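Asks: FYI, full-length UniProt numbering numbers position 365 of the sequence shown as 365, with every residue one higher than the one before it.
If you are wondering where the hints come from, they were derived from the structure by calculation, not from laboratory data.
Predicted model only: the values in this text are computed from it and were never measured.
Keep in mind that the hints are not guaranteed to be accurate.
[To be verified] Pair by pair, the computed Cβ-Cβ distance ranges are: (1) 51 with 169: 35 to 45 Å; (2) 204 with 241: 21 to 31 Å; (3) 264 with 233: 30 to 40 Å; (4) 44 with 337: 17 to 27 Å; (5) 186 with 246: 22 to 32 Å; (6) 355 with 119: 38 to 48 Å; (7) 212 with 119: 41 to 51 Å.
[What the hints assert, rightly or not] Only pairs whose alpha carbons sit at most 20 Å apart, straight line, appear in this in silico EDC-like list of lysine to aspartate or glutamate: (8) 250 with 204; (9) 220 with 276; (10) 126 with 449.
Glycine residues also receive a C-beta, built at the ideal position from the N, C-alpha and C atoms.
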Amino acid sequence: TEVPLQRKMATKEGEGEVKKIVTEEEKTFAKNFNIMDLADIPTGLPPHLQLQRTRVLCKNDAPIHVPSSFSRYFTSKQLSFCEFFGLRVLQYQSMGLTASVVYSGAYNGVGVDNSVKLENFSENFKVDVIEISNDGMELTFDMIGIDAASYNGMELTFDMIGIDAASYSLPTMAFEKVFIANNTSIVQDEVLAQRMGLVPIAADPKLFEYLSENDQPNEKNTIVFKLHAKCAKGEGRKKVLTKELIWLPKGSELVKESGDPNSKPKTYTSVSRSQEESFPEFTDNPITPSYPDILIAKLGPGHEIELEAHAVKGIGKTHAKWLPVATAWYRMLPEVILLREVEDEDTERLVEACPEKVFDIEDMGNGRKRATVAWPRNCTLCRQCVRENYGEEVKIEGIQREKWIENVALRRVKNHFIFLLFAFLSVKIESTGSLPPDVLFTEAVKILEDKCERVIANLS
1 TEVPLQRKMA TKEGEGEVKK IVTEEEKTFA KNFNIMDLAD IPTGLPPHLQ
51 LQRTRVLCKN DAPIHVPSSF SRYFTSKQLS FCEFFGLRVL QYQSMGLTAS
101 VVYSGAYNGV GVDNSVKLEN FSENFKVDVI EISNDGMELT FDMIGIDAAS
151 YNGMELTFDM IGIDAASYSL PTMAFEKVFI ANNTSIVQDE VLAQRMGLVP
201 IAADPKLFEY LSENDQPNEK NTIVFKLHAK CAKGEGRKKV LTKELIWLPK
251 GSELVKESGD PNSKPKTYTS VSRSQEESFP EFTDNPITPS YPDILIAKLG
301 PGHEIELEAH AVKGIGKTHA KWLPVATAWY RMLPEVILLR EVEDEDTERL
351 VEACPEKVFD IEDMGNGRKR ATVAWPRNCT LCRQCVRENY GEEVKIEGIQ
401 REKWIENVAL RRVKNHFIFL LFAFLSVKIE STGSLPPDVL FTEAVKILED
451 KCERVIANLS
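Starting from the given sequences, assemble the full structure and let the hints guide the process.
Replies: What follows is the structure in structure tokens.
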């Protein structure tokens, strides 16, 4: 585009210099000139820059560059493992491999505001619950509208929205004391007690009170289980599982030792009424361990274990056995794009190459078929669909290699994270069974909100 700036040239007699004379009108025009005002200048980012800004591109091989600042967190084997399964840690991504452009003036030249604003975050950020498992112990949800750098910088939700810290304040029930009456197994008493402490209990902690040092264990603050397992001589080895733990709603049955033979026998709890009477919720649904098949010990012929375990209410900040979460991991949303129509024989090769069954076959009639991307969330970025030797051996070296690499584009969306939360606690949440993951998440957010309000109140 030619800009109509007319410049007058004047030459003084007897001088070899050429002086440019710029008028005031030209000065004003140059001062106010903006190339973005021209009609034929495209607005927004070019496609390749927009792709770089919002996606992580995955080639047919894993990245070989690891930032030196990241090497202190993971070994090379751990990095390779994470990369193979597409589960790169967000710190790994934000330290360079995602190539995130986060400074505000990155695209000012093309009229794109790249600054981080609270208003934009409030409008764009959302959480979508994707799936809750049938047993209620796993929760999968998506967090959309936040990038890896902000994710790590704010340290919010389980490593992202502060739920990791908040989960330390969520109360659960766990075994605090184990009274061992008899243990002839090869598992030492202290190891056996430690294993018992990590057994999750399916009981709502809201129904119970905290047990302080000055309190007497009773039906309102203590849950009592007993275990008596024996392997008779001549029998094979026996596994002692958590399903053999028996709930004692009337409290402890072990009698305390007393120096006075005339005194009334006392147990380790002071129960005025049965927990079945105190808590109607447990009448038809007795308290049990969250999982019946957790291995406690193995007994050989003639071995025996007899013990009583007392569970009390506590928080993870005090001890890890009260943590309500087992694992929580997250990854960026995979994006699988077909760059061309994959049809007929190539369709079957592509579908068979993917171990996670991301692709499906669509019948187009008349014996024709083509590949479609059916389940992109299943993609683990194993890259089998973009490597040259999948399905069968390469027959024409060079030609087929380029052809197959161009079939599929693998990307990851930088501001869309899948979470998996296991309730012990796209994130996925797992629970120990002490609390369902949806309850864990909600309660953790409430605690986080309360902490934020206290910080704001102190600052003001």
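Asks: Each hint should be assessed against the structure and marked as holding or not.
Replies: Hint-by-hint comparison with the structure:
1. Take residue 51 and residue 169: their Cβ atoms lie about 42 Å apart, and the range 35 to 45 Å holds.
2. The beta-carbon spacing between residue 204 and residue 241, approximately 24 Å, falls within the hinted interval of 21 to 31 Å.
3. The hint said 30 to 40 Å for the Cβ distance between residue 264 and residue 233, and at roughly 38 Å that hint holds.
4. Look at residue 44 against residue 337: about 20 Å separates their beta carbons, and that is inside 17 to 27 Å.
5. In this structure the hint that residue 186 and residue 246 lie 22 to 32 Å apart at CB holds, the actual value being about 24 Å.
6. Under the hint 38 to 48 Å, the C-beta atoms of residue 355 and residue 119, about 43 Å apart, fit the expected range.
7. Range check, residue 212 to residue 119: about 46 Å between beta-carbon atoms, so the 41 to 51 Å window is met.
8. A threshold of 20 Å between alpha carbons decides the hint, and for residue 250 with residue 204 the separation of about 18 Å falls inside it, so the pair holds.
9. Distance restraint check for residue 220 and residue 276: the Cα-Cα separation of roughly 11 Å lies within the 20 Å cut-off, and the hinted pair is therefore satisfied.
10. Between residue 126 and residue 449 the CA atoms are separated by roughly 17 Å; this keeps the pair inside 20 Å, and the hint holds.
The earlier numbered hints are all upheld by this structure, with none contradicted.
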